[in-house]
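Chains as they are written, first to last, in numbering that gives the first Met the number 0: chain X, 0 to 448; chain S, 0 to 305.
Don't read these hints as lab results, they were simulated from the structure. Fair warning: this is a prediction, and the values are worked out from it, not measured in the lab. Please note: incorrect hints may appear among the correct ones.
Claimed, not checked - Cross-link-like lysine to aspartate or glutamate pairs, in silico, EDC-like; alpha carbons within 16 angstroms at most:
1) K205/X - D134/S
2) K266/X - E212/X
3) K213/X - D66/S
4) K359/X - D124/X
5) K235/X - E440/X
6) K266/X - D134/S
7) K431/X - D66/S
8) K436/X - D134/S
9) K266/X - D240/S
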Amino acid sequence: MQTRMRLPALVIPLLLVGIVHPGTGRAANKEPVTIKYAYWGSPQEKLAVEKACAEFSKKSGYVTVVPVYIPEQDYDAKVTAMAAAGDTPDAGYCTAQLASIWSGQGKFVNWFEMLAKDPDLKKTDFVDGIWFQNSPDNAYGISTAVEAFGLFYNKAAFKDAGLKEPPSRFDQAWTWDEFVKTAQLLTIDRNGKNATQPGFDPTAIKQFGVTFEKWWGPWSVHVLNNGGDFLTPDGKFGLTDPAATKAIQRLADLIKLHVAPNPIQFKAIPSQAAAIQARLAAMSMHGQWINLDLGAAKANYDIGVLPRMDRNTGTILISGVSVIFKDSKHPAEAWALSKYLASDGALPLYQNGLWMPTMKKFYTDPALLAKWAGPDAAHPPGFKGAMMDMVLNHSRPSITYYVKNFGKLDSMVSAALDPVWQGEQTAEQAMKELEPKITPEIQGRYQLK
Amino acid sequence: MNGFGSARRREAAAGWLFAMPVILGWVIFVAGPVLVTVFLALTDYNVGGTPRFVGAENYRRFFTSADPSFFASVRATALYGLLSVPACIAVSFLLALLLNTKVRLRGLFRAALFVPVIIPLAASSVIWMWLFQPDFGVVNFVIRALGMSAPQWLASERTVIPTMVLMNVWLSGNSIVIFLAALQAVPRHLYEAVEVEGGNAWHKLVHITLPMVSPTIFFVVVTGFINALQAFVQPAIMTSDAYHAGGPNNASLLYVLFIYREAFRFSKLGSASAAAVLLFAVIAALTWFFFRFSRSFVYYEAGERT
Chain X
0 MQTRMRLPAL VIPLLLVGIV HPGTGRAANK EPVTIKYAYW GSPQEKLAVE KACAEFSKKS
60 GYVTVVPVYI PEQDYDAKVT AMAAAGDTPD AGYCTAQLAS IWSGQGKFVN WFEMLAKDPD
120 LKKTDFVDGI WFQNSPDNAY GISTAVEAFG LFYNKAAFKD AGLKEPPSRF DQAWTWDEFV
180 KTAQLLTIDR NGKNATQPGF DPTAIKQFGV TFEKWWGPWS VHVLNNGGDF LTPDGKFGLT
240 DPAATKAIQR LADLIKLHVA PNPIQFKAIP SQAAAIQARL AAMSMHGQWI NLDLGAAKAN
300 YDIGVLPRMD RNTGTILISG VSVIFKDSKH PAEAWALSKY LASDGALPLY QNGLWMPTMK
360 KFYTDPALLA KWAGPDAAHP PGFKGAMMDM VLNHSRPSIT YYVKNFGKLD SMVSAALDPV
420 WQGEQTAEQA MKELEPKITP EIQGRYQLK
Chain S
0 MNGFGSARRR EAAAGWLFAM PVILGWVIFV AGPVLVTVFL ALTDYNVGGT PRFVGAENYR
60 RFFTSADPSF FASVRATALY GLLSVPACIA VSFLLALLLN TKVRLRGLFR AALFVPVIIP
120 LAASSVIWMW LFQPDFGVVN FVIRALGMSA PQWLASERTV IPTMVLMNVW LSGNSIVIFL
180 AALQAVPRHL YEAVEVEGGN AWHKLVHITL PMVSPTIFFV VVTGFINALQ AFVQPAIMTS
240 DAYHAGGPNN ASLLYVLFIY REAFRFSKLG SASAAAVLLF AVIAALTWFF FRFSRSFVYY
300 EAGERT
C-alpha cells in the first residue's frame with residue numbers, strides 16, 4: 000500500500016515542476032506536450048538515447064519525450080503492430096526495409112521540406128548520401144548516424160606475428176592478395192602453426208585471420224568496390240555479374256582457405272567485437288559502431304581500410320533510418336526532437352564510438368572534431384583515415400538507400416548465399432540459380448537525383 | 000411478489016451475464032480476428048495503406064510465384080510434422096509405460112521428464128542451440144569422444160529439421176502425463192483376465208493396453224499435428240536473426256515463421272492473412288480426416304455395441 004501511494008506522490012510534483020518550470024520562456028505560454036520516440040540498440044545506446052531525450056525535454060521546457068525502447072529483432076513487428084493499432088510513435092528509428100515500404104504510402108514527413116523552412120538548419124549542413132529518398136525531392140528519413148565499413152584488427156596479433164599493421168589510408172590499401180597472405184599468416188592453430196605452414200590443423204584453429212558477418216553489409220561493400228551492384232543501372236538483378244560474383248567468391252574462398260570461420264565455426268564467435276578483443280580473429284571486416292564495444296572494453300585495436308577489390312577500395316554508408324511519422328499530433332515538436340538527435344543532441348553517441356555525425360560541421364570544425372573523434376579508447380589513431388576520410392571522400396550509399404523492395408530481395412539473396420558460405424556452391428552458381436526466381440520481385444531503384 | 004416468468008427471465012439474464020466474459024472474449028479475441036483475417040486475405044493490405052480488394056491474388060501468388068520460400072516452408076513444415084508427431088508419440092508412450100510400472104524413484108523420473116515443459120520454450124531453445132553447437136557443443140563432444148563423425152545439426156540443410164524434432168521429443172512431457180493418466184485408467188481386471196488365460200506382457204500390451212488407450216493416442220496425434228503445424232518458437236530462436244529467417248537456405252522456415260515474415264518483415268499483411276487462412280484450412284481438413292478415419296482404429300469403451 001505504501002509503495003503504491005508513493006509513486007503518484009512523487010510523480011505529480013515532478014509533473015507540475017515540468018509544466019511550470021521557470022527560466023524557459025516557452026514553457027509559460029505553451030501547453031505541455033508528450034511525444035513518443037521509438038528506437039532500438041545496445042544497452043549503451045539505450046542509455047544514451049534516454050539521456051538525449053531527457054536533455055531535450057529539459058531544454059524545451061514544455062515537451063516530455065517518452066523513449067520507447069524495442070529490441071532490434073522485434074522492431075518491425077512491434078512498430079507495425081503500433082501502426083495497425085493507430086498508436087504510431089511521433090518519431091524514431093525505422094529499419095530500412097520497413098521505411099522503404101511505408102514511404103511509398105506517405106507515412107513519413109519529408110525532411111527536405113522541413114529543412115527548407117527551418118531557420119537553423121539547411122540540407123547542405125549535412126553529409127551527402129545520408130538521405131533516404133524515394134524521389135529527388137522527398138527524403139522520407141535521415142540516416143540515424145553515419146556508419147561505414149572498415150578493417151578492425153587486434154594490434155597484438157600483428158605484433159606477435161611480426162607483421163605490418165593494415166594501412167589506414169585509402170591510397171595505401173592492401174591488394175586482395177596481400178590481404179589474403181596476411182590473413183593466412185595470422186590464422187593460428189592450437190599448435191601455434193599458421194595457415195601457410197605444413198602440418199597446420201584447420202580443425203583446431205585458435206585464431207582466425209579474419210572474420211565477417213554474413214548479412215548484406217559485409218559482402219555488398221566488396222561487391223560495390225569490385226564494380227558490381229545489387230541492381231544494374233537499368234534496374235535488373237546485378238549479382239550475377241562477374242564483378243559481383245567474383246567479390247562474393249573471394250569472401251567465400253577465405254572460408255575455404257580456413258582463414259575465416261565457416262558458418263559453423265562462426266557460431267562460436269559471440270560478436271565481432273569479442274572476436275577482436277579475445278583474438279578469436281586477428282581482423283574483422285565490420286562496421287564503425289563496433290568502436291563502442293571495443294572502446295568500452297579498452298581493447299588493443301586499430302582500424303585499417305578494407306583491402307582493394309579489382310576496381311578499388313571504398314566504403315559504404317550504412318544506417319538505420321530516422322523518421323518522423325505524419326500521424327504525429329505534434330509535428331513541430333517531433334521535428335525539433337529529430338533535428339536535435341541528428342545534430343548536437345547526439346554528441347555523447349559520437350563520443351562513445353557508436354555513431355558518426357550526420358552534420359558536416361562535426362568533421363570540419365576543429366573544435367567540434369576534438370570533442371568526439373579522439374584519439375581515445377573508441378577512436379584509435381587509424382580512425383581518421385580509415386573511417387572519417389573514407390566516409391567523406393570514398394564512400395557510396397549502401398544498397399538499402401536505393402533498392403526498392405529490399406527486405407524481400409535481401410531475404411532471397413541471403414538464403415541463396417547460405418550454400419556459398421558453406422562451400423557447397425560457387426557464388427556464380429548460386430546467383431545464376433536465383434536470378435529467374437528473384438527477377439519477378441525486383442521493382443527497380445529509387446531515383447535519388 | 001414477482002411472477003414465475005420474471006424470475007426465470009432474471010435467471011436467464013444472470014446466466015447470460017455470467018457467460019458474457021467467455022462469450023465476449025471469444026467474439027472479440029477469436030471470432031473477430033478470424034473474420035478480419037479471412038477478409039484481409041482478399042486484399043493487398045499493408046499497415047498504413049488502405050486495403051484494396053485483390054480477390055484470390057494472394058493465394059495465387061503463393062502457388063505461382065518464382066520465389067521458392069513458400070514451398071520451402073511447406074516442405075519444412077510437412078517434414079517437421081511427419082517426423083515429430085510419430086517420434087514424440089512413440090517415445091512418450093514408451094516412457095509412460097515405464098513410468099506406470101513400479102520402478103524405484105518413480106516420482107523423480109516423472110518430475111524429471113516433465114521439467115522440460117515448464118522451461119520457457121525460448122530459453123530451452125537457446126540451451127539446445129549450445130548443446131548442439133557443431134564445433135564445441137556437448138553433444139558433438141561426446142560423439143567425437145566415441146570416435147564417430149559429428150553431424151552439423153542446426154547448421155546443415157539436411158539435419159536442421161531432425162534436430163528440432165529431437166528437441167520436440169524431449170519436450171513431450173505433456174503427452175507422457177496424458178498417456179500415464181490413460182494407462183492408469185485401464186481396469187486391472189482386464190489384465191487379470193489375460194493372466195488367467197496365460198497371456199504374457201506382450202499380449203497385455205497388444206490386446207488390452209493399446210485398445211484401451213487408443214482414444215488417448217488419437218487425441219495426442221490430433222493435438223500433436225496441430226501443434227507441429229503451428230511451431231514457431233524453435234526456428235525463430237534457433238535459426239533466425241535480424242536478417243535471415245529459418246536458415247540455412249530456408250530449410251527450417253516453418254510455416255508460421257513464413258507467415259510472420261510476410262507480415263512483419265515484408266509488411267504484407269494481406270498475403271500473411273491468406274497464408275494463415277491456408278494453414279487453418281489444412282489443419283481443419285487434417286483434423287476432419289483423423290476423426291473420419293478414427294472409427295476404424297479407435298476403441299471407445301462406452302460406445303461399444305453389445
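Structure-based check of all given hints:
1. K205/X - D134/S: Measuring from Cα to Cα gives roughly 13 angstroms; hence the hint holds.
2. K266/X - E212/X: holds, 10 angstroms
3. K213/X - D66/S: violated, 21 angstroms
4. K359/X - D124/X: This hinted pair holds, its Cα atoms lying about 6 angstroms apart.
5. K235/X - E440/X: Given pair K235/X, E440/X holds - Cα atoms ~11 angstroms apart, limit 16 angstroms.
6. K266/X - D134/S: At roughly 9 angstroms apart (the allowed maximum being 16 angstroms), D134/S and K266/X satisfy the hint.
7. K431/X - D66/S: holds, 14 angstroms
8. K436/X - D134/S: violated, 34 angstroms
9. K266/X - D240/S: holds, 12 angstroms
When the structure is compared with the earlier hints, violations turn up for hints 3 and 8 and for no others.
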